Amino acid sequence: MGKNLIFTKNEIRFLRELVRLKVDFMIIGLSAAALQKAPVVTQDVDLWFADLADPQLTKALKKVKSIYIAPMGNNPPMFAGDAVKLFDIVTHVHRLGKYAEVKKKAIKIPLDDFKVSVLPLELIIKSKQASGRTKDKLVLPVLKDVLKTIKSEKQ
Amino acid sequence: MRISLEVIKDKCRQQKITLSELLKQAGVSRNAFYTLAREDSVLPKSIRAIAKNLNISPSEFLTEDNQEMEKMKLLLKKVDDIAKKYKKIDRDNIRHTLLLMSEPPIECLRRALTRGQKPHIHQK
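Going down the list, the sequences are from chains P and R. Numbered per the numbering used here, the first sequence spans residues 3 to 157. Numbered per the numbering used here, the second sequence spans residues 107 to 230.
Everything labelled a hint here was simulated from the structure, so no lab data went into it. Every value quoted in this text rests on a predicted model; they were computed, and no experiment measured them.
Reference listing, derived: stretches of chain R covered by chain P, where coverage requires no fewer than 3 residues with Cβ under 8 Å from a Cβ of chain P: (1) 192-203; (2) 207-213; (3) 216-222.
Once the Cα atoms are required to be at most 27 Å apart in a straight line, the calculated DSSO-like pairs of lysine-lysine come out as: (4) K179/R / K146/P; (5) K156/P / K179/R; (6) K139/P / K191/R.
Negatives, chain R to chain P, calculated, CB over 10 Å: (7) K130; (8) A132; (9) R144; (10) N159; (11) L160; (12) K179.
Ideal Cβ placement from N, Cα and C applies to all residues, glycine included.
The shape of chain P in the complex, shown without the other chains (with noise of 0.2 Å):
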């Protein structure tokens, strides 16, 4: 198998800044999904975070030289940087509430020294069933397979 070379240190120490500065963030989406080993493609990181205006946040970024960019008309938030590249900023999540609520489902996943909070595979399934979008509908048999398949090896 060829060498990954996506999702490298760089990505990682942005991670583990925000970790170490305690910045309360979780990772949403199909890559919450991949962590969980759902076998799915995804071409970014979304994150989810209680406070952009965290200046924990601006402190983690500034370690790996990249900087955040508020959003500017039909434009979303966003981090612009090498070591961001592949971290998207999401501000809402389909039908499950408030950021406060949602983190004390979150799992804990490790990722090389440390561990970062998860959004639970049963909820990626419900956000994405209220989403409604075309990508999100797809993915969906995919993903109530794996979670069926966990079930099933933990029992």
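Given chain P, work out where chain R should sit, using these hints.
Relative to chain P, chain R alone:
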């Protein structure tokens, strides 16, 4: 199919034992060994007859179970069990999930991103 004396001697050298020591450890007499080594084929007549009638080499239907094969058999057994339990579940989804369950989470994420950045590899 015959015994390759050269291969056996080479393996003995690699494992730093003599042929005599090997035969002693294996409980095979020198006479029996050299009788076999002189044979044109060490396979039973029935196996050779089957191969001849199929017009193929016996090696095409003789298999050797190995660890990877055992792992895959176990995995496919699990796929069967889960597929029996849930109607309409996709067997490929079960198999891929079970395979990923033995990978660290970071590797699962890398695979998802690598494929996402190279959509052409999914095109048939």
